[in-house]
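What follows is the residue order along each chain.
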Amino acid sequence: MNAGLGDPVPLRAEKVSFSRGGRVIVQEASFSVRAGELLAVAGRNGAGKSTLMALLSGLLMPSSGSVSLHGKPLTAWKEAELRRKIGCIFQHPEHQFVTDTVYDELAYSLRLQHFSETEVDNRVRSLLAQFRLEGRERYSPFSLSQGQKRRLSVAAMMSDERQILLCDEPTYGQDAYAAKELMSGLRARADMGLAVVVITHDMEFVQEYADRVVVINNGSVDYDGPPGSLWSSPEQFLKERGLIPPIAAQMLQALEGERAC
Amino acid sequence: MKKSIFQFNTRTVVTIGIGAALYGATSFIGIPVGPDTSLRPAIALLAIFGALFGPVVGFIAGLIGHVLNDLLTSGTVWWGWALGSGITAAFMGLIYLAKGFDPQNGSFKGKHIGLFIVYGIVGIVLSLLFSGWFDIAFMGEPSDKLVVQVTAASISNIIVFLVLGVPAVIGFAKRNAKTSHLSVNE
Amino acid sequence: MLNVQSGKIGSPKRSFLQLEHLNPAMKGLTVILCVLPLSLAFDPVTVAAALALTVLVTWLFGNIPWKRWLLLFSPFLILAFGCFWTAALFPREPIGPDSELLWSVGAVRVTQEACWIALSLSLRALLFSALSLLFMLTTDPVKLMLSLMQQCKLPPKLAYGILAGFRFLPLFREELSIMQKAHRVRGAGRIRRTPRSLLQALKRYGIPLLAGAIRKSERTAVAMISRGFTGSGRRDFYTRVPVTWKDGVFMALMLAIVAIGYGLSYALGTLRWYNGEL
Amino acid sequence: MAAGERQPDRSPVLVADRISLRLDEDQTEPVLSSVSLTLHERELTLLLGPGGCGKSSLTLCLNGIYPHAVESEVTGCVKIFGKTLDGEHPGETAQIVGIVFQDPDSQFCMLTVEQELAFCLENVSCPREEIGERIDDALRLVQLSDCRDRLIHELSGGQKQRVAIAAALALRPKVLLLDEPTSNLDPASARQLAERIHAIRRLLPVTTLLIEHHLDPWMEYVDRLVVMDHQGTVQYEGDPGHFFESRDAEAESAGIWLPRAVGLHRELSRSAGMTEGGDPPEAGSAPPPLSIRDLIRR
Ligand SMILES: Nc1ncnc2c1ncn2[C@@H]1O[C@H](COP(=O)(O)OP(=O)(O)OP(=O)(O)O)[C@@H](O)[C@H]1O
Ligand SMILES: Nc1ncnc2c1ncn2[C@@H]1O[C@H](COP(=O)(O)OP(=O)(O)OP(=O)(O)O)[C@@H](O)[C@H]1O
Ligand SMILES: [Mg+2]
Ligand SMILES: [Mg+2]
Numbered sequence: 001m002n003a004g005l006g007d008p009v010p011l012r013a014e015k016v017s018f019s020r021g022g023r024v025i026v027q028e029a030s031f032s033v034r035a036g037e038l039l040a041v042a043g044r045n046g047a048g049k050s051t052l053m054a055l056l057s058g059l060l061m062p063s064s065g066s067v068s069l070h071g072k073p074l075t076a077w078k079e080a081e082l083r084r085k086i087g088c089i090f091q092h093p094e095h096q097f098v099t100d101t102v103y104d105e106l107a108y109s110l111r112l113q114h115f116s117e118t119e120v121d122n123r124v125r126s127l128l129a130q131f132r133l134e135g136r137e138r139y140s141p142f143s144l145s146q147g148q149k150r151r152l153s154v155a156a157m158m159s160d161e162r163q164i165l166l167c168d169e170p171t172y173g174q175d176a177y178a179a180k181e182l183m184s185g186l187r188a189r190a191d192m193g194l195a196v197v198v199i200t201h202d203m204e205f206v207q208e209y210a211d212r213v214v215v216i217n218n219g220s221v222d223y224d225g226p227p228g229s230l231w232s233s234p235e236q237f238l239k240e241r242g243l244i245p246p247i248a249a250q251m252l253q254a255l256e257g258e259r260a261c
Numbered sequence: 001m002k003k004s005i006f007q008f009n010t011r012t013v014v015t016i017g018i019g020a021a022l023y024g025a026t027s028f029i030g031i032p033v034g035p036d037t038s039l040r041p042a043i044a045l046l047a048i049f050g051a052l053f054g055p056v057v058g059f060i061a062g063l064i065g066h067v068l069n070d071l072l073t074s075g076t077v078w079w080g081w082a083l084g085s086g087i088t089a090a091f092m093g094l095i096y097l098a099k100g101f102d103p104q105n106g107s108f109k110g111k112h113i114g115l116f117i118v119y120g121i122v123g124i125v126l127s128l129l130f131s132g133w134f135d136i137a138f139m140g141e142p143s144d145k146l147v148v149q150v151t152a153a154s155i156s157n158i159i160v161f162l163v164l165g166v167p168a169v170i171g172f173a174k175r176n177a178k179t180s181h182l183s184v185n186e
Numbered sequence: 001m002l003n004v005q006s007g008k009i010g011s012p013k014r015s016f017l018q019l020e021h022l023n024p025a026m027k028g029l030t031v032i033l034c035v036l037p038l039s040l041a042f043d044p045v046t047v048a049a050a051l052a053l054t055v056l057v058t059w060l061f062g063n064i065p066w067k068r069w070l071l072l073f074s075p076f077l078i079l080a081f082g083c084f085w086t087a088a089l090f091p092r093e094p095i096g097p098d099s100e101l102l103w104s105v106g107a108v109r110v111t112q113e114a115c116w117i118a119l120s121l122s123l124r125a126l127l128f129s130a131l132s133l134l135f136m137l138t139t140d141p142v143k144l145m146l147s148l149m150q151q152c153k154l155p156p157k158l159a160y161g162i163l164a165g166f167r168f169l170p171l172f173r174e175e176l177s178i179m180q181k182a183h184r185v186r187g188a189g190r191i192r193r194t195p196r197s198l199l200q201a202l203k204r205y206g207i208p209l210l211a212g213a214i215r216k217s218e219r220t221a222v223a224m225i226s227r228g229f230t231g232s233g234r235r236d237f238y239t240r241v242p243v244t245w246k247d248g249v250f251m252a253l254m255l256a257i258v259a260i261g262y263g264l265s266y267a268l269g270t271l272r273w274y275n276g277e278l
Numbered sequence: 001m002a003a004g005e006r007q008p009d010r011s012p013v014l015v016a017d018r019i020s021l022r023l024d025e026d027q028t029e030p031v032l033s034s035v036s037l038t039l040h041e042r043e044l045t046l047l048l049g050p051g052g053c054g055k056s057s058l059t060l061c062l063n064g065i066y067p068h069a070v071e072s073e074v075t076g077c078v079k080i081f082g083k084t085l086d087g088e089h090p091g092e093t094a095q096i097v098g099i100v101f102q103d104p105d106s107q108f109c110m111l112t113v114e115q116e117l118a119f120c121l122e123n124v125s126c127p128r129e130e131i132g133e134r135i136d137d138a139l140r141l142v143q144l145s146d147c148r149d150r151l152i153h154e155l156s157g158g159q160k161q162r163v164a165i166a167a168a169l170a171l172r173p174k175v176l177l178l179d180e181p182t183s184n185l186d187p188a189s190a191r192q193l194a195e196r197i198h199a200i201r202r203l204l205p206v207t208t209l210l211i212e213h214h215l216d217p218w219m220e221y222v223d224r225l226v227v228m229d230h231q232g233t234v235q236y237e238g239d240p241g242h243f244f245e246s247r248d249a250e251a252e253s254a255g256i257w258l259p260r261a262v263g264l265h266r267e268l269s270r271s272a273g274m275t276e277g278g279d280p281p282e283a284g285s286a287p288p289p290l291s292i293r294d295l296i297r298r
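Residue numbers (our numbering), protein chains in the order written: chain A, 1 to 261; chain B, 1 to 186; chain C, 1 to 278; chain D, 1 to 298.
It is worth saying that the hints were derived from the structure and are not from the lab.
Hints are not guaranteed to be accurate.
Only pairs whose alpha carbons sit at most 20 Å apart, straight line, appear in this in silico EDC-like list of lysine to aspartate or glutamate [to be verified]:
hint	chain 1	residue 1	chain 2	residue 2
1	C	K157	D	E88
2	A	K180	D	E252
3	C	K216	D	E71
4	C	K181	A	E14
5	C	K157	D	E92
6	C	K216	D	E250
7	B	K174	A	E137
8	A	K180	D	E250
9	B	K174	A	D104
10	A	K180	D	E267
11	C	K216	D	E88
12	C	K181	A	D104
13	A	K180	D	D229
14	A	K72	A	E14
15	C	K203	A	D104
16	C	K143	D	E92
17	C	K143	C	E218
Please take these sequences and the hints and turn them into a complete structure.
Set out below in structure tokens:
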């Protein structure tokens, strides 16, 4: 399956809408995910980011509009193939665990790919080290600390070379180390030519790591462009979307304001 | 860590609530295998709740679950059968008192399996006899029909217990054996 | 009670006796009070009259779309139908020799009495399910528990425990869909809907679901405690579920239905008492 | 920083004395070993520590969940207003010590938002006439007034977290334990919450313990700082400003977030050749001073 590997725009959402229980959660959202790019998604609580991610990954069906992968609508893809291409990290790490131990959790998708047991062991060990979960391999995923759960759920998805990775708030609850490591891990994936989508509330990270940012408000796309120019949009605009520019951008604006006077 | 069976804290009560709700809800499901008899997977739940939380929790969960189900399906409670559900669970829960038995921490040995099966079968037969007797004594049901009913129900319940209940408890114990970090080394 | 998921019971339609707004404990008591005398009757007329009136009450005063009601009632209908034919063809009771033969094919004989009994049996089953549907479809479990605590003095500790259990039932569906999604994103694929894979599904989801429920029961208990729950009896309930004159009217109405049923069959001379027939 | 204005003689409200915690009989290393800390009246104490060091477990010890509601092995003692928790029903302790758990997904016991809050208030024997109002207040505080009748499990992550905060505040506890209350909130709401908690603290005598990785919204309100290390022991207890000024290297190596302003300051000063203690940049090959604009571009 090599078709479309060089595709610069692997995933595209076109006028996607979704409603549930009579409430429109996502309305007519259109944007594209590009290869080699780290796309940040931001927006208020309850704006519809997580729902949008579920739509992009094909776990939910849009009530209108379509999502297409390599130009082919998601519904036309075979389930197994789709999952090999799109990885997905849920907002609640516990929702993603399918096995009883940390070790098995990391080995799960490796085993599905029929790696030899020694190969699996090697890879799992290196993941354990990379995500600082050593000594926890026999624990149940549910008895980890919240931050460890988050790292485990990310690690389990990183173990695959999926072309598109959708992450819902991958860094929350992490200490400085872990968060930076996670983000640079994701950045490295993007630099390798893969597509990464990160939902986050951390504007410093958006500033530092993202190539492009999409702002969701009330279920529709409000802004789509580089982070730098987002900060220079009117204050009212940012305020309504619950965004606070990173501290450096704030200072820059303050300086420029002074210069203008 | 196993707790005393008479400890009644909020957690026990919530467990009873869940057990009862699950038992009540799954009691609707039955695969009819003959006149007046059906394989009720719900019996397996009694085995699980009894084994994991002891006879007292099992008894109350079974009783309340049965009463709820009766109320929802027919509006009348067949107390004999409701108590019977509780007694079944209580007998299955006797295994909880066995030494070294602790499926929540993955400790479930061969001799426990044997014991569990014995307790379960005895419990099923005894409770059905009790329900039958209760019906004859208090509800004025004719006795000849009940003999057939009790025998058929015993057989079908024992089948469910052996095919679903016992493996489920073993599955639980296995699952937890791996998760509790040190007991794997034994 | 099947409405837990939607969370809302009793929308715009208003009638004088809104079943959804009645006191659940009183409603339950009324249903039981109806079932008790009706379980003594064993003739199609009493039962059919009561059944028809119960259904009428459900439709008039309950706010249930009739399609939904039919959907939920249909399994009972099918069951009753099957029950009718088996009882008619293979009567368990000794049939009086003087009973009129309706028709026969070879050894299979259908007598009038057997038919009569079969009709009573199946109608009885329908009546009890209609009564319990009336209760189930119009009762919010939270309100039921509140009313059990307020009217029947059920200890809050037990009531909230059961309520927590009830809360889990609709959540199980949610949990199952979450688990299915988890398996899907992890690449395990979907399980097709064939009988054979049912066992596979049971293995994949059954024990984890139960394990999840048990884990959640601990967390729920911790959550209840950390919200200050001690289980002591004194509470000033925010939502009061009062008993009003409407509950009395409803009880009277339902008892009248029973009386009408009995009266009718007495007038027609068909009244017969139940004797443990099956 | 508020340190200067602090009255020195605030009385201790919650004292934890050499707490050790094991969750399993046969666990080799304990989750917490000999943790002592004191919360003073009306102060906001910030608890920092690397991931998995036992911060959340500590909060559960402070309100008596460990060992009174969940079996576990706890040594040492916790005193609230001079009284130990032993023999007390953990539910009663919870009425004094309110908590917001870290996991927003599994800390609710009712179906809808309103029922959840009403359940809390009924537990503290709040008279019925007041409950409605207090629910309103609590929801307004977390900007969730329009979600009053929603089912909790259908809310988004951030909305659930707000419900949890509202529930804890509705109890009007004397001591409030906040375990990463803003981790799922959008930036503006996080800042707003910090401000509101501060405002509440001026109105009510509530003593707060805060666990948070992202310090920015909270920094100006923090009175005291407690830092834990990987092994589950307390490393530093005292003035926050002092810690970030003098021991920031230590903090960084332990994986503790610095407030972003501190980080920016350090980066700027480093690039301007003012690195304290470090080797000064070589005269000839010194990079041009990094401007804020450069920082943004990177
Ligand atoms: N299962 C559901 N049923 C009904 N409504 C839902 C459901 N799940 C989410 N919603 C609603 O849809 C809206 C968007 O939810 P979503 O989880 O996508 O938000 P979000 O942008 O991810 O927010 P957050 O930043 O808080 O995670 C919210 O108002 C939420 O209450
Ligand atoms: N139920 C449990 N059984 C066994 N070990 C546990 C259990 N809960 C937590 N632990 C372990 O105790 C340690 C401390 O967990 P805790 O949740 O207190 O960490 P934390 O400091 O809050 O971390 P984070 O910042 O990631 O939330 C972790 O290493 C975790 O693996
Ligand atoms: Mg979300
Ligand atoms: Mg924690």
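Hint check results:
1. K157(C) to E88(D): Roughly 17 Å separates the two Cα atoms, so the pair holds.
2. K180(A) to E252(D): Status holds; Cα separation ~12 Å.
3. K216(C) to E71(D): 16 Å, holds
4. K181(C) to E14(A): The hint is violated at about 23 Å.
5. K157(C) to E92(D): The hint holds at about 14 Å.
6. K216(C) to E250(D): 39 Å, violated
7. K174(B) to E137(A): Given that 20 Å is the threshold and the Cα spacing comes to 17 Å, the pair holds.
8. K180(A) to E250(D): Judged against 20 Å, a Cα distance of about 17 Å means the pair holds.
9. K174(B) to D104(A): The hint holds at about 14 Å.
10. K180(A) to E267(D): Holds - the C-alpha atoms of E267(D) and K180(A) are around 16 Å apart, at most 20 Å.
11. K216(C) to E88(D): Violated, because 24 Å separates the two Cα atoms, which is more than 20 Å.
12. K181(C) to D104(A): Answer holds: K181(C) to D104(A) is near 18 Å, not above 20 Å.
13. K180(A) to D229(D): 19 Å, holds
14. K72(A) to E14(A): Measuring from Cα to Cα gives roughly 12 Å; hence the hint holds.
15. K203(C) to D104(A): 17 Å, holds
16. K143(C) to E92(D): 26 Å, violated
17. K143(C) to E218(C): 24 Å, violated
The structure fails hints 4, 6, 11, 16, 17 (numbered hints given earlier, in ascending order).
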